[in-house]
Amino acid sequence: MSSYKHFIVAALSIGAISVSSPAALQCAPVPDSITLNQNGKLFSPFTFNHAQHIQSIKECADCHHHTTGTLVLDPNCARCHQNSSPTAVVSCKGCHSATPFSPENLAAKRADKQRYHLDKMGLKGAMHQSCIGCHNKMGNGPTGCQDCHPRTKEGAAFYSTNRKGAKPAHAEEE
Amino acid sequence: MKRRNFLKACLIGGTTIALGKTNKGWASGSFEGYPEAMGVLVDTTRCIGCRSCEAACNKEQKLPEPDTSFDDPSVFEHERRPTSKAYTVVNRYQKEQPSGPVYRKVQCNHCNEPACLTSCFVNAYTKTKEGAVIYNSKVCVGCRNCMIACPFNAPGYDYDSATNPIVKKCILCYDTRLKYGKPPACVEICPQEALTFGHRADLIKLAHERIRATPERYVDHVYGEKEVGGTSWLYLAPVGFDKLGFDTTLSNDPIISNVKDFLGMVPMVLSIWPALFSGIHLLAKHEEQGGHGHDTDSNQEDTKP
Ligand code: SF4
Ligand code: SF4
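Chains Z and B are the protein sequences, given in the same order. Just so it is clear: in the first sequence, position 28 is 28 by the UniProt record's numbering, and no numbers are missing. Just so it is clear: in the second sequence, position 166 is 166 by the UniProt record's numbering, and no numbers are missing.
In isolation and in its complexed conformation, chain B is listed as follows:
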């Protein structure tokens, strides 16, 4: 937590990029999340696309009535993403395959090291020890940094209330259920037990055990075990995850800044990191000697005819 506060201070200050990225290198592979964090394992081989989980979420979170009923299959014609009115949606893939369609429930994955949290400069987000990433709408200023930062497109934005803009997303039923150790509403209603609730650490073992016991049923990967530093929601799939709309290009390192363009700066930052430890004085010296003339050089080049 301290690390995060430290990072935030940096974000607010001017040194955003350099120190932020240093933190990335620092964190990767070391933070396993809270030991008691809960999670949900989504077994897409079990899901039948009944959308009961969407209906349960709608009622539990007191969201507005949907445009069309939770029975309406036409919603599957387009890939949907969570919105401020629907914190979770079920999408259909592989419709044309002889093995039949595969359905995938989407919501906030409740990252171990949430990009939404680190990108938020008013501290609206909290990662609770139970694993939920919750947010405080009272302090949210509606800047939408978190929406850009989130690698899973989870936060939705409430455009309806122009005077009080608010970002909304799945909170793992923290207030009403998780806090009391109870499973979220979607898990409880799922008729197929496509959603398994439990300690994240246990779920990972369980997921690998399912793959071991029935290898013909799954591809050998648990999505969310490692992606972006690990997430509380984990997925099993019968076909390559890329075929089910998952981003399979994500790194195993947490995304800690929304300034994704600066990812390329990491190696440079890591190389000057020891210098940072040695103090500003040494750093300055380092710049003078090693990195000197960089700007000047290029300036000169630019001014050449």
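Next up, chain Z with everything else stripped away, as it sits in the complex:
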């Protein structure tokens, strides 16, 4: 029953989501695709193919910590979360703040003396590290900036791409 509610929460927190086949996995309906970087100024929004990732990785915990109810893989996390049940919020955005270093967030962190997760990554950092980290490890998948999200006009100006010697960002690793 509440799994549907969980999904609603997840959906609301992610933003644009499209769902086609809710059945397959035992918990909640899972989005097939998610629009990321929706409000991007320097880089355009793009579609993340969630279904394809599920198909090739199969292990939710590779990306989702303990939130989906599958076994925790990280031994450090397992110290507390070995038997944690799924949480209401599954999406990255549900926990990882888009403004981790805002004065408000820093003040809240300082005021909360009991808080354990003091080093929780912001949304942007969590996603980039997750995606690029895994793509590097697998030797498969995009790792250059524009491989996922092309620059906007504003972005091109920001990175001074018209200056001589300009190359696409993903040529950087070569």
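None of these hints come from the bench; they were simulated from the model. In this text, a Cβ means the ideal position worked out from N, Cα and C, and glycines have one as well. Some clues are possibly wrong.
With beta-carbon atoms standing in for the labels, derived distance ranges [stated by the list, open to error]:
#1 Ser33/Z with His208/B: 38 to 46 Å
#2 Asp160/B with Ser33/Z: 48 to 56 Å
#3 Val139/B with Gly133/Z: 41 to 49 Å
#4 Lys41/Z with Asn153/B: 30 to 38 Å
#5 His53/Z with Leu63/B: 35 to 43 Å
Dock chain B with the ligands against the given chain Z, drawing on the hints supplied.
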């Protein structure tokens, strides 16, 4: 602060070296920096060398367009240092290693006890309570003492405006952001969160916690925690810091004078320090008795055939 003013008075006066070095011994290990000072923890294991931080700095500080775009990977072929046109640069190390390259962002480290500040005789530098080391270009006379004094080669010199020479460096976005409690532009843009903004005291704990949680990922050292008396910018690294272009020979004592050659005088100065406390009269006596004849002796020796 008083100590610093005192020191400055000394620097301007003739007693520069002796009193300056005494101050060094005095300060070491005692001054932890402003309690509310902010800082940035750079985790070089996270950095992917995208140079977004360089681009963000360029725009935030209204610096001139770069010679070549912020996408140009050829800049990594040479180790760069900050200049008056680029307050921060990213360098690449360990390229040949199987574990892949390590990138390191460089900028002013915003020392707790800045050598630039103490070496500047017109008071162009200020260490703000937020942790930033800012400077006043209006009073800068372009003597470049600070450039020699800085242990991290941070200040750049604007050679273009010959009539109005000016030293320029990272100011932690003090005017536009830090003052309002906001993170600097480089931190905000970093896609990998290789840069973590927060209270310096918290960042040190956080850095050690990262090492504890994933010891295979880091060498067990937080660069900037102790170096030259501590800096607002702190670094974590996957390999020895010396392999990433860090100066690992720096002492934990603040560098308070640009006259580095006189570092060797410290023990002597410390030994006469109690005498200084006892007053000029005693000092003179001390010289007469203990240190007497030094010059005369050597003079005599010199004049011997
Ligand atoms: S790094 Fe150099 S310029 Fe920056 S505060 Fe320290 S001494 Fe001054
Ligand atoms: S923006 Fe972040 S990841 Fe990119 S080069 Fe700078 S520190 Fe490294």
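Verification of the supplied hints:
no. : hint                               : verdict
1   : Ser33/Z with His208/B: 38 to 46 Å  : 41 Å, holds
2   : Asp160/B with Ser33/Z: 48 to 56 Å  : 51 Å, holds
3   : Val139/B with Gly133/Z: 41 to 49 Å : 47 Å, holds
4   : Lys41/Z with Asn153/B: 30 to 38 Å  : 34 Å, holds
5   : His53/Z with Leu63/B: 35 to 43 Å   : 40 Å, holds
Going through the hint list in order, the structure satisfies each hint without exception.
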